[in-house]
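In the order they appear, the protein sequences are chains A and B.
So that you can map any letter, position 26 of the first sequence is 26 in our numbering, and since no number is skipped, the others follow by simple counting.
So that you can map any letter, position 132 of the second sequence is 132 in our numbering, and since no number is skipped, the others follow by simple counting.
Source of the hints: derived by calculation from the structure; they are not laboratory data.
Treat the hints loosely; a few may be bogus.
[As the list claims (entries may be wrong)] Chain B side only, calculated, beta carbon under 7 Å to chain A, not exhaustive:
| hint | residue |
| --- | --- |
| 1 | F3 |
| 2 | L52 |
| 3 | R82 |
| 4 | R85 |
| 5 | L86 |
| 6 | L90 |
| 7 | Q93 |
| 8 | Q100 |
| 9 | C173 |
| 10 | G177 |
Using N, Cα and C, we set each Cβ at its ideal position, and we do this for glycine too.
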Amino acid sequence: MEEFVKVISQLASGFSVSLILFTITLITAIPLGLLISFCSMSKVTPIRIFTKVIVWILRGTPLMLQLFIIYYGPGLVGWFNWSSLNTGWTWFDKTFDPRFIASIIAFAINYAAYFSEIFRGGIQSITKGQTEAGQVLGMTKGQIFSKIVLLQVIKRIVPPMSNEIITLVKDTSLAKTVGVLELIFRAQDFLDDGIIWPFLCAGLFYLIFVGLLTIIFNKIEKKLSYFKA
Amino acid sequence: MAFLEIKNYNKKFGELKVLKGIDLSIEKGEVVSIIGSSGSGKTTLLRCINFLETPDVGEMILDGELLFSDLESKKYTEKILRNKRLNFGLVFQSFNLFPQYNVLKNLTLAPTLLIKTKAKKLKEQLKGQGKKFLEIKKEIKEYVNSERERIEKEALILLEKVDLTEKKNSYPCELSGGQQQRVAIARALALKPKILCFDEPTSALDPELTAEVLRVIKSLKEGDRTMIIVTHEMGFAKSVSDKVVFMSEGIIAEQGSPKKLFTNPKTEALKNFLANTGDKEGN
Ligand SMILES: Nc1ncnc2c1ncn2[C@@H]1O[C@H](COP(=O)(O)OP(=O)(O)OP(=O)(O)O)[C@@H](O)[C@H]1O
Ligand SMILES: [Mg+2]
Numbered sequence: 001m002e003e004f005v006k007v008i009s010q011l012a013s014g015f016s017v018s019l020i021l022f023t024i025t026l027i028t029a030i031p032l033g034l035l036i037s038f039c040s041m042s043k044v045t046p047i048r049i050f051t052k053v054i055v056w057i058l059r060g061t062p063l064m065l066q067l068f069i070i071y072y073g074p075g076l077v078g079w080f081n082w083s084s085l086n087t088g089w090t091w092f093d094k095t096f097d098p099r100f101i102a103s104i105i106a107f108a109i110n111y112a113a114y115f116s117e118i119f120r121g122g123i124q125s126i127t128k129g130q131t132e133a134g135q136v137l138g139m140t141k142g143q144i145f146s147k148i149v150l151l152q153v154i155k156r157i158v159p160p161m162s163n164e165i166i167t168l169v170k171d172t173s174l175a176k177t178v179g180v181l182e183l184i185f186r187a188q189d190f191l192d193d194g195i196i197w198p199f200l201c202a203g204l205f206y207l208i209f210v211g212l213l214t215i216i217f218n219k220i221e222k223k224l225s226y227f228k229a
Numbered sequence: 001m002a003f004l005e006i007k008n009y010n011k012k013f014g015e016l017k018v019l020k021g022i023d024l025s026i027e028k029g030e031v032v033s034i035i036g037s038s039g040s041g042k043t044t045l046l047r048c049i050n051f052l053e054t055p056d057v058g059e060m061i062l063d064g065e066l067l068f069s070d071l072e073s074k075k076y077t078e079k080i081l082r083n084k085r086l087n088f089g090l091v092f093q094s095f096n097l098f099p100q101y102n103v104l105k106n107l108t109l110a111p112t113l114l115i116k117t118k119a120k121k122l123k124e125q126l127k128g129q130g131k132k133f134l135e136i137k138k139e140i141k142e143y144v145n146s147e148r149e150r151i152e153k154e155a156l157i158l159l160e161k162v163d164l165t166e167k168k169n170s171y172p173c174e175l176s177g178g179q180q181q182r183v184a185i186a187r188a189l190a191l192k193p194k195i196l197c198f199d200e201p202t203s204a205l206d207p208e209l210t211a212e213v214l215r216v217i218k219s220l221k222e223g224d225r226t227m228i229i230v231t232h233e234m235g236f237a238k239s240v241s242d243k244v245v246f247m248s249e250g251i252i253a254e255q256g257s258p259k260k261l262f263t264n265p266k267t268e269a270l271k272n273f274l275a276n277t278g279d280k281e282g283n
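Please take these sequences and the hints and turn them into a complete structure.
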């Protein structure tokens, strides 16, 4: 029993790290992704091509590789070492671990690239006819985007976004490779004591969280099902 | 001078010359049908009239006002274009209703947004007069509310006109194509355009649904509305138009009363065109 409580509390602490990583990635990658999607639709050809190359690299190489480059890269070129960095930033009683910061940066950039493609697809799939209908009715560009296009885009991107976001939940475990004390890392601790079942427990943590997200996304989809776009 | 005067409209897409000097004048209250084979530039002309495309060369005068001139067109900002567009209404072949709004909101959205813009201007004005913040707020609120009421009342009248009062709370996906197109017509009318344009309003409809849309357009003619209708429905063009314009390869090859054009075509192009569409003429 004592062992069980110990395992669960350690896993919970690991999961809270995973959860924060997930949340911060999400709230930074969405606006960043929107920005990238606008750049990838830019009328200025150099901006468009540059953005597309960046997105291609970010989507075309493993997230783990990107994480390594961001974490070890600055040290390799003699710029600075993440591990010796003291951020001085605190979160309640904890100091922000530089490994954690490096992970957030890697995750946010990588996911922004994925999100940007979803946004671009969503925006471009709204027919020109909708924009033109707004134009002939004297609406401004801003009004056309916010009053006509936006909700239709949201409706279209909910399914692919929910896929991507669920993948992100599980991808947070990659942060383990640079030493972030996330859920899997914490479960692995017990291997030294010859206990394997914490891994199954960790799996359960992911499952429950993904289940909750699925319910939320289904609710959103249902809420938007009153119209066809 | 006629109500609408289009002079020497030219439009190229890349190397492709689509409009090659269109001259067209329309009187107030006149209904003009534009016919012509596919690719002759009918849609492009309507889009140029509605400021969705910018002609390379030409001039347009509406009600004595120079609305378009190739000399100035480079200086047209978004805002200027928006105001110019409001002179016209355009009904699309594919309806283009806003799917996330119900029928009534489809009609009231654009007029309400215009009122909001006007309210902002009014606010600045009142501020300039040195009025107190609360007073201004109250005045603006009263203005917006009374305008909203007016817009909704007018929208309901329009819905009655197109016979869709009982559908005012439905969403576009719950309507038939014919009903959607009638909503689109009412939506265009809600902004009180001086000229209403239609681009093949029945082409996307099943044959049994075209009649209800054509009936609505005919009823507008009785209301003395100036209209430009691009159509493939020769029978309809014949019965509704005061003037028929035949376009061929980017020019107006022939124009005149429906009787003159349909019974006594002069150009080979029109003769061929009518012979090819002859099977549709019966309906
Ligand atoms: N945005 C554009 N870019 C390039 N070419 C275009 C564009 N719009 C139209 N065109 C070309 O211009 C020509 C005239 O097109 P338009 O749509 O005006 O013809 P239309 O008379 O309306 O034909 P339809 O009866 O098929 O609707 C066509 O050859 C078309 O391919
Ligand atoms: Mg056309």
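Which hints, by number, does the structure contradict? 1, 7 and 10
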